[in-house]
Each structure stands twice: as structure tokens, then as C-alpha cells.
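**Q** So the protein lines, in turn, are chains A and B. Numbering follows the UniProt record's numbering, with no gaps: position 67 of the first sequence is 67. Numbering follows the UniProt record's numbering, with no gaps: position 78 of the second sequence is 78.
It is worth saying that the hints were derived from the structure and are not from the lab. Please note: incorrect hints may appear among the correct ones.
Identical chains share a label here; the pair holds if one copy fits it or two copies do between them.
Okay, derived cross-link-like pairs now, DSS-like style, lysine-lysine, Cα gap no bigger than 27 angstroms in a straight line [unchecked claim]:
1) K74 - K85
2) K63 - K85
3) K52 - K85
4) K74 - K63
5) K63 - K78
6) K52 - K22
7) K54 - K22
8) K52 - K63
9) K74 - K22
10) K63 - K22
11) K74 - K52
12) K78 - K52
13) K22 - K85
There are 2 protein chains.
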Amino acid sequence: MLTVITYDVNTEDPAGQRRLRKVARHCVNYGQRVQNSVFECVADAAEMVRIKNKLVELIDPEKDSLRFYYLGNKYQTKIEHVGAKPTYEAEGFLAL
Amino acid sequence: MLTVITYDVNTEDPAGQRRLRKVARHCVNYGQRVQNSVFECVADAAEMVRIKNKLVELIDPEKDSLRFYYLGNKYQTKIEHVGAKPTYEAEGFLAL
């Protein structure tokens, strides 16, 4: 099944910047980056729970947020993209 | 039906910053901001086409991107949120 993961990490301080890098790195390991803070993961339910639990550990729940959209197995027709398709490097920086 | 709209707008120059404000403002008019660049819109198919067409006009397709996830009518069980729930002001700035 496909899960869309979006995140907001508060990067006002160095600790936040570290959290952002860790969250991005974890998502990159398990999903396809489609926008700066948007990943798509194809994983079964058990694996998705593990991915989610790790992300929950990485964020500061007072400052950051994660959002998961479960699109199921028939997701191809549920997604539409318009515009640029940048490629991203694993560490979370936009590779232009 | 619920549509999740995510966007990446390249804000390296003032024109990009203007595009970002316009995109955010348009999304705010039609949806609930749930993260910095993530909106959820409840709209029927015809209205969603209008919202999308307007957003497509606002972006620079060489530099920016939009992504639409169509979650249908039974979306309540397909969404999970973890962590902070900030409120956002209409102009696109985080209101802490």
C-alpha cells in the first residue's frame, strides 16, 4: 500500500535542523521524495508501523508534526502532479 | 471528496516569494492548512478542477510543483496526524 508522509519540522534552532535532517534521511530510506517535505512510501502495514514509530521518535512533538495519508493499493489514479520534478539528494537538500 | 494539496514553490527570488504567497492564499481560501505546504480541501470534482486550474496558473511550472492526492469521501480513516498542530495565518506565515 502507498502512504504519503508529510512533515513540518521547526528549524529555528540547530536542534531543529538536526531533527529535519534525521527525519528526511529516514524517509529517504523508505520512500520516494516527491517534494521537499513530502514522501511516498510503498510498504505493507507492519513495515509502515515501524517507519512511523521511528519518525515519531525523531520529532519533537511540541514543535514538529507528521502527517500520514494512507492511499491503499490502488493509488495510481489518486495522485496527480503538476510542474517541476526536481530530484532530491538523500541528505535532504534540493539537487538542482 | 477530500483532496490533499501539497506544493513546492522555489522562493530563491522575490517573484518566487510572490508566487508562494499567492498559492498559499488560494489554498487558504478553499482548504484547511494542516502543515506549512499541505492543505486539505473538501470539494466536489467540478470545484476541485477550478481550484486546481487556478493553482496551475499561479505557479512557474519550471520551478514549482503541485501535487494532488484524491482521498475520496471516506477519508477520515485514511489520515493520521502526530505532533504539533500549529495554526496558520491566511498569508502563509506560521502563527506561533
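**Q** Against each hint, give a clear statement of whether it holds in the structure.
**A** Here's how the hints hold up against the structure:
1. K74 - K85: Classified as within; 23 angstroms inside a copy, 30 angstroms across copies.
2. K63 - K85: For K63 and K85, the Cα distance is within 27 angstroms only across copies (9 angstroms; inside one copy 29 angstroms).
3. K52 - K85: both (26 angstroms within a copy, 18 angstroms between copies)
4. K74 - K63: Classified as neither: same-chain Cα gap 34 angstroms, cross-chain 29 angstroms, threshold 27 angstroms.
5. K63 - K78: between (30 angstroms within a copy, 23 angstroms between copies)
6. K52 - K22: within (13 angstroms within a copy, 33 angstroms between copies)
7. K54 - K22: Within. Shortest intra-copy distance 10 angstroms satisfies the 27 angstroms Cα cut-off; inter-copy 35 angstroms does not.
8. K52 - K63: Classified as within: same-chain Cα gap 17 angstroms, cross-chain 30 angstroms, threshold 27 angstroms.
9. K74 - K22: neither (30 angstroms within a copy, 33 angstroms between copies)
10. K63 - K22: both (15 angstroms within a copy, 26 angstroms between copies)
11. K74 - K52: both (21 angstroms within a copy, 22 angstroms between copies)
12. K78 - K52: This pair counts as both: shortest intra-copy Cα distance 22 angstroms, inter-copy 14 angstroms.
13. K22 - K85: both (23 angstroms within a copy, 21 angstroms between copies)
Going through the hint list in order, the structure does not satisfy hints 4 and 9.
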